[in-house]
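**Q** With the hints as constraints, model all of the structure from the sequences given.
Those sequence lines, one after another, are chains S and W.
Counting from 1, position 63 in the first sequence corresponds to residue 63 in UniProt numbering; the numbering is continuous, with no gaps.
Counting from 1, position 76 in the second sequence corresponds to residue 76 in UniProt numbering; the numbering is continuous, with no gaps.
Honestly, the hints are just simulated from the structure, not real lab data.
All C-beta atoms, glycine included, are put in the ideal place defined by N, C-alpha and C.
One should not assume that every hint holds.
As the list claims (entries may be wrong) - Take a look, some chain S residues computed to stay more than 12 Å from chain W by CB distance: (1) Q63; (2) T65; (3) Y131; (4) M140.
As the list claims (entries may be wrong) - Restraint ranges, calculated between C-beta atoms of paired labels, are given here: (5) W:N94 / S:I124: 33 to 43 Å; (6) W:N94 / S:K47: 32 to 42 Å; (7) W:F48 / S:S55: 45 to 55 Å.
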Amino acid sequence: MHFIFSDEVVLLFDFWSVHSPAGMALSVLVVLFLAVLYESIKVGKAKLLHQAVVSVSVLSSQQLTEETDQDSSASDSAPVSRARLRWFFCHFGQSLIHVVQVVIGYFMMLAVMSYNTWIFFGVILGSAVGYYLAYPLLSMV
Amino acid sequence: MADNSTTVPPHHHHHPTTSAHHSHGGGMDGMMMSMTFYFGFKNVELLFSGLVINTAGEMAGAFVAVFLLAMFYEGLKIARESLLRKSQVSIRYNSMPVPGPNGTILMETHKTVGQQMLSFPHLLQTVLHIIQVVISYFLMLIFMTYNGYLCIAVAAGAGTGYFLFSWKKAVVVDITEHCH
Numbered sequence: 001m002h003f004i005f006s007d008e009v010v011l012l013f014d015f016w017s018v019h020s021p022a023g024m025a026l027s028v029l030v031v032l033f034l035a036v037l038y039e040s041i042k043v044g045k046a047k048l049l050h051q052a053v054v055s056v057s058v059l060s061s062q063q064l065t066e067e068t069d070q071d072s073s074a075s076d077s078a079p080v081s082r083a084r085l086r087w088f089f090c091h092f093g094q095s096l097i098h099v100v101q102v103v104i105g106y107f108m109m110l111a112v113m114s115y116n117t118w119i120f121f122g123v124i125l126g127s128a129v130g131y132y133l134a135y136p137l138l139s140m141v
Numbered sequence: 001m002a003d004n005s006t007t008v009p010p011h012h013h014h015h016p017t018t019s020a021h022h023s024h025g026g027g028m029d030g031m032m033m034s035m036t037f038y039f040g041f042k043n044v045e046l047l048f049s050g051l052v053i054n055t056a057g058e059m060a061g062a063f064v065a066v067f068l069l070a071m072f073y074e075g076l077k078i079a080r081e082s083l084l085r086k087s088q089v090s091i092r093y094n095s096m097p098v099p100g101p102n103g104t105i106l107m108e109t110h111k112t113v114g115q116q117m118l119s120f121p122h123l124l125q126t127v128l129h130i131i132q133v134v135i136s137y138f139l140m141l142i143f144m145t146y147n148g149y150l151c152i153a154v155a156a157g158a159g160t161g162y163f164l165f166s167w168k169k170a171v172v173v174d175i176t177e178h179c180h
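**A** Dropping the structure here:
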């Protein structure tokens, strides 16, 4: 098996069969967009984690100061569980995003596995464009 | 949906992979691998030559095994990260004088964090790295069977593993960030 230049390919699903140069150009654009999305999801997940950690720590420290100000001897289970619930939802959302990232990564691998050179260029170019656009956002807090 | 896993001739690996008609497609005669997603459990080869799935029960067992493998992969990643952080306790500071703007001498400090090459933590990291690489290739090959059930098992296992193991990791990251 080797890389070929061809206008015919069947990508991933039965209905995605390409027969013409226009269809191939459209498929390359879709694969490019998928690669850009993959890179931006990677950056988005890191930023979401940072935001979630910051917000939950702020929330728990606020609740702790409220507790000490009120000088109550009641158990502090309620504010702790609120922070914990918020952290649970944040983490659950991140796990869903992780699943999407894993699936898109595998789809890109399978697209390259079609051994069509145009599709391969689309994946590479999309990864480059996605990295170029998304990674500067990582350092912006 | 048509069942793309057609009967494969027993000596399929002797046939040339490029047939006379060059068009690619799933479900064509002569192609031993499906190139599009399908849902089925008849005659599904999984990674090794002896592992063939023929019944729904075997597919359910394979689903669970692949799910656990993907979960283990995510856990291994998190475990390696935490091991690396724990073993990087040796921090070397190198200070060297550099000329300042007005002829003064400033001290520039470089901080290097690392492991020794022949230390046990580094050897352990290497062994775990090899295991991680092998498992990641196995998961890629499983996804490459294009079987819908197995692909869903990989994705769900990755998500569940991330959810279970990264929960603890995020807490550790929080604590260490506050300490600095």
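**Q** Range hint 45 to 55 Å: satisfied by the CB atoms of W:F48 and S:S55?
**A** holds (47 Å)
**Q** Evaluate the condition: distance from the CB of S:Y131 to the nearest CB of chain W exceeds 12 Å.
**A** Correct as stated: the minimum Cβ-Cβ distance to chain W is 21 Å, above 12 Å.
**Q** Range hint 32 to 42 Å: satisfied by the CB atoms of W:N94 and S:K47?
**A** holds (33 Å)
**Q** Does S:Q63 sit more than 12 Å from chain W, CB to CB?
**A** S:Q63 clear of chain W: closest Cβ-Cβ about 16 Å, beyond 12 Å.
**Q** So S:T65 supposedly isn't at the interface. Is its beta-carbon more than 12 Å from every beta-carbon in chain W?
**A** The claim stands: S:T65 keeps its Cβ more than 12 Å from every Cβ of chain W (closest is about 15 Å).
**Q** Beyond 12 Å from every Cβ of chain W: is that where the Cβ of S:M140 lies?
**A** holds (18 Å)
**Q** Do the beta carbons of W:N94 and S:I124 sit within 33 to 43 Å of each other?
**A** holds (39 Å)
In terms of the numbered hints stated before, the structure departs from none.
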